Amino acid sequence: MVKVLRSIVRGPLESYAPGFAVELLRQGYSRGGADQQVGFIAHLDRWMLGEGIGLNGLSDPMLQRYLEQRRAAGYREYLSLKALAPLLNYLAPLGVLPVAEPAAFGPVEELLGCYRRYLLVERGLTAGTARGYVDSVRPFVATRVRRDVLDLAGIKAADVTGFVSSACPGRAVGSAKLIVCALRSLLRWLHLTGLLPVSLAAAVPATAGWRLSTLPKGLEPAQLRRLLASCDRCTPTGRRDYAVLLLLSRLGLRAGEVARLGLDDIDWRRGELTITAKGNRSEKLPLPADVGAAIAEYLRHGRPANAEVR
Numbered sequence: 005m006v007k008v009l010r011s012i013v014r015g016p017l018e019s020y021a022p023g024f025a026v027e028l029l030r031q032g033y034s035r036g037g038a039d040q041q042v043g044f045i046a047h048l049d050r051w052m053l054g055e056g057i058g059l060n061g062l063s064d065p066m067l068q069r070y071l072e073q074r075r076a077a078g079y080r081e082y083l084s085l086k087a088l089a090p091l092l093n094y095l096a097p098l099g100v101l102p103v104a105e106p107a108a109f110g111p112v113e114e115l116l117g118c119y120r121r122y123l124l125v126e127r128g129l130t131a132g133t134a135r136g137y138v139d140s141v142r143p144f145v146a147t148r149v150r151r152d153v154l155d156l157a158g159i160k161a162a163d164v165t166g167f168v169s170s171a172c173p174g175r176a177v178g179s180a181k182l183i184v185c186a187l188r189s190l191l192r193w194l195h196l197t198g199l200l201p202v203s204l205a206a207a208v209p210a211t212a213g214w215r216l217s218t219l220p221k222g223l224e225p226a227q228l229r230r231l232l233a234s235c236d237r238c239t240p241t242g243r244r245d246y247a248v249l250l251l252l253s254r255l256g257l258r259a260g261e262v263a264r265l266g267l268d269d270i271d272w273r274r275g276e277l278t279i280t281a282k283g284n285r286s287e288k289l290p291l292p293a294d295v296g297a298a299i300a301e302y303l304r305h306g307r308p309a310n311a312e313v314r
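If you're matching positions, the sequence shown starts at 5 in the working numbering and goes up one per residue.
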């Protein structure tokens, strides 16, 4: 069992550490990798305790502040939000993390804050989806500022079509559709609240696009299982593809990060993987047992003997 001692984790994360350790093992992390993660959150826990921060204060800006102080203290591992992803993914379904509220800087952000709460509470959207909607309509709302006051009642259909015509060209189909969808939602909400006398949602033009014209952003678990099963692991190419797909899906790595991996980046004893992130920054991540096994299988039975170290 992973060592999760109350003498180590005794702050705001104390009651969540044992379950987090069990979840890491369930996901296939090696004991060494899980130990490293628990040690990492123990450091975060001590920092939270010293700063007087509870789980409800664990916002993105606060986490960035913690990581900055960790870097300044000389730590060279677990220095990005990606390293915190296993913990945050465990805590999020428990409903103990704060819902970030945008800072109110004038009438635009004040209105968008109200709109965001509507999306979260009334529409039941996730925090990420609500953030995407708000970010998409922020430029439109900003065009309605008149002498530090929002002129919403004066919005005309021509203003709506003009904004879409200027904002969507050159964007990917998915991005353009998000702008259109978010703008319709905003206009309905403005009319619902009485800030807009007439509903102009129908004035938002549709965007051109074709279904499946771009790659999906993510796969459902069943789709991922089928994709992994399609790899012929009796062939070198199939073993390589299987290992790469596991790295992408299990660790959330970017394609470029996987392409840059070398043999020296794998610490088999500690169950860790060193990746080179943006800005040439090195980051250590736990190596789940199933991912490590797939890589080892490819190295033993699929990788050419004369291949480069990479």
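Any given hint could turn out to be false.
[Stated by the list, open to error] Below, simulated SDA-like cross-link-like pairs (lysine to any residue); rule was C-alpha separation at most 20 Å, straight line: (1) Lys-288 - Asp-271; (2) Lys-86 - Ser-189; (3) Lys-181 - Ser-169; (4) Lys-86 - Ala-46; (5) Lys-86 - Phe-144; (6) Lys-181 - Gly-132; (7) Lys-288 - Phe-144; (8) Lys-86 - Ala-206; (9) Lys-86 - Gly-256; (10) Lys-288 - Arg-264; (11) Lys-86 - Gly-61; (12) Lys-160 - Leu-88; (13) Lys-160 - Thr-147; (14) Lys-288 - Asp-236; (15) Lys-181 - Val-262; (16) Lys-181 - Leu-154; (17) Lys-181 - Ser-170; (18) Lys-288 - Lys-160; (19) Lys-181 - Gly-198; (20) Lys-288 - Gly-132; (21) Lys-160 - Gly-136; (22) Lys-288 - Gly-306; (23) Lys-181 - Thr-197; (24) Lys-181 - Leu-252; (25) Lys-160 - Arg-230; (26) Lys-288 - Thr-241; (27) Lys-160 - Leu-129; (28) Lys-86 - Ala-207; (29) Lys-86 - Arg-229; (30) Lys-181 - Gly-158; (31) Lys-181 - Ala-207; (32) Lys-86 - Arg-188; (33) Lys-160 - Gly-132; (34) Lys-86 - Glu-113; (35) Lys-288 - Arg-304.
Derived from the structure by calculation, the hints contain no laboratory data.
Predicted, not measured: the structure shown is a model, and the values here were computed from it.
These are the hints, each one checked on the structure:
no.	hint	result
1	Lys-288 - Asp-271	holds, 10 Å
2	Lys-86 - Ser-189	violated, 32 Å
3	Lys-181 - Ser-169	holds, 12 Å
4	Lys-86 - Ala-46	holds, 17 Å
5	Lys-86 - Phe-144	violated, 32 Å
6	Lys-181 - Gly-132	holds, 16 Å
7	Lys-288 - Phe-144	violated, 41 Å
8	Lys-86 - Ala-206	violated, 40 Å
9	Lys-86 - Gly-256	holds, 9 Å
10	Lys-288 - Arg-264	holds, 14 Å
11	Lys-86 - Gly-61	holds, 19 Å
12	Lys-160 - Leu-88	violated, 45 Å
13	Lys-160 - Thr-147	holds, 12 Å
14	Lys-288 - Asp-236	violated, 30 Å
15	Lys-181 - Val-262	violated, 30 Å
16	Lys-181 - Leu-154	violated, 25 Å
17	Lys-181 - Ser-170	holds, 14 Å
18	Lys-288 - Lys-160	violated, 53 Å
19	Lys-181 - Gly-198	violated, 26 Å
20	Lys-288 - Gly-132	violated, 26 Å
21	Lys-160 - Gly-136	violated, 24 Å
22	Lys-288 - Gly-306	violated, 26 Å
23	Lys-181 - Thr-197	violated, 24 Å
24	Lys-181 - Leu-252	violated, 26 Å
25	Lys-160 - Arg-230	violated, 49 Å
26	Lys-288 - Thr-241	violated, 27 Å
27	Lys-160 - Leu-129	violated, 28 Å
28	Lys-86 - Ala-207	violated, 41 Å
29	Lys-86 - Arg-229	violated, 24 Å
30	Lys-181 - Gly-158	violated, 25 Å
31	Lys-181 - Ala-207	holds, 15 Å
32	Lys-86 - Arg-188	violated, 33 Å
33	Lys-160 - Gly-132	violated, 30 Å
34	Lys-86 - Glu-113	violated, 28 Å
35	Lys-288 - Arg-304	violated, 24 Å
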